[in-house]
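Participant: Taken in sequence, the protein lines are chains A and B. When we follow this note's numbering, the leftmost residue of the first sequence carries the number 1, and every step to the right adds one. When we follow this note's numbering, the leftmost residue of the second sequence carries the number 1, and every step to the right adds one.
Each hint can be trusted.
The calculated label-pair distances, taken between Cβ atoms and stated as ranges, are:
{"no.": "1", "chain 1": "B", "residue 1": "G42", "chain 2": "A", "residue 2": "D92", "range": "20 to 26 Å"}
{"no.": "2", "chain 1": "B", "residue 1": "L61", "chain 2": "A", "residue 2": "Q93", "range": "32 to 38 Å"}
{"no.": "3", "chain 1": "A", "residue 1": "R15", "chain 2": "B", "residue 2": "G42", "range": "43 to 49 Å"}
{"no.": "4", "chain 1": "B", "residue 1": "R65", "chain 2": "A", "residue 2": "K65", "range": "35 to 41 Å"}
{"no.": "5", "chain 1": "A", "residue 1": "K65", "chain 2": "B", "residue 2": "P60", "range": "35 to 41 Å"}
{"no.": "6", "chain 1": "B", "residue 1": "R65", "chain 2": "A", "residue 2": "G46", "range": "16 to 22 Å"}
{"no.": "7", "chain 1": "B", "residue 1": "L61", "chain 2": "A", "residue 2": "A20", "range": "37 to 43 Å"}
Output of the computed footprint for chain B on chain A, the stretches with three or more beta carbons under 8 Å from beta carbons of chain B:
{"no.": "8", "stretch": "29 to 43"}
{"no.": "9", "stretch": "46 to 58"}
{"no.": "10", "stretch": "108 to 121"}
{"no.": "11", "stretch": "159 to 171"}
In short, the hints are calculated from the structure, not lab data. Glycine included, every Cβ here is placed at the ideal spot set by N, Cα and C.
As a plain string of letters, each chain reads:
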Amino acid sequence: MDVLEDRDRWNAEYRHGWLAHFQQTGELDWDRYHRPTNKEVPAGPGLDLRAARLVLISTAGGYLKEHQEPFEAAHPLGDYSLRIFPTSTTFDQIAFAHEHYDHRAVNEDPEVLLPLRHLEQMHAEGEIGCLSDAVISLMGYQPDVTRVLDETIPAVISTASDMHADAALLVPS
Amino acid sequence: MEGIASTLTSWNAGITRLTGPPRATFTKLPRGSTLGQPHDKGQQRRVVRKTLGLLREEAPLEPIRLDES
Chain A
1 MDVLEDRDRW
11 NAEYRHGWLA
21 HFQQTGELDW
31 DRYHRPTNKE
41 VPAGPGLDLR
51 AARLVLISTA
61 GGYLKEHQEP
71 FEAAHPLGDY
81 SLRIFPTSTT
91 FDQIAFAHEH
101 YDHRAVNEDP
111 EVLLPLRHLE
121 QMHAEGEIGC
131 LSDAVISLMG
141 YQPDVTRVLD
151 ETIPAVISTA
161 SDMHADAALL
171 VPS
Chain B
1 MEGIASTLTS
11 WNAGITRLTG
21 PPRATFTKLP
31 RGSTLGQPHD
41 KGQQRRVVRK
51 TLGLLREEAP
61 LEPIRLDES
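Looking at chain A on its own, in the form it has when it is part of the complex:
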């Protein structure tokens, strides 16, 4: 099952529409942007989370401010890279590089987007079998879906597999 049905049509609409307009004028015209759409939904078995290893995937743009480069939050064509940091990271070590949401809430309480301490507590209480060693962090402004398909998703899957994750929680910004 393809992650994006009719990828070729989406790609053609993107390149001849939204992207071409930007390249010609420097303007971002969201009326020209076609949201990715699927008719089919992937199937899969459920699992007992009490016996599973869970990975958190965040699109809030979080990164380790002392040790990692920030995402290119201002780039009009997006940033498709990952940052990986320990699930045990304290919030004073994390900054957020993402220009497409209001940061007041996350600056006041990072757990509105990164539930690290919630997940630790749920693990301690036996609701989650195991937490993966690291969080997979993205910057959610990624207008080129083909780059998401070809770059971001394979990197996320590879990282989650390397961490032996059985389950994933995605928290978008």
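Use these hints to put chain B onto chain A, whose structure you have.
Facilitator: The following block gives chain B in isolation, referenced to the frame of chain A:
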């Protein structure tokens, strides 16, 4: 996701539904506060717990609307 059961929560049901997620909760929380209001640990935990709870179910599931704002 390649043998990894996945679930998500979103404040933007309209856009998220279009992509066909296998398991999802939808809220009316504001953008930038996906799991709950700042310092409302009870709300944040409810959203996380209900979203993770979907993992025990076989996908695909109809998205669940949570009364959280």
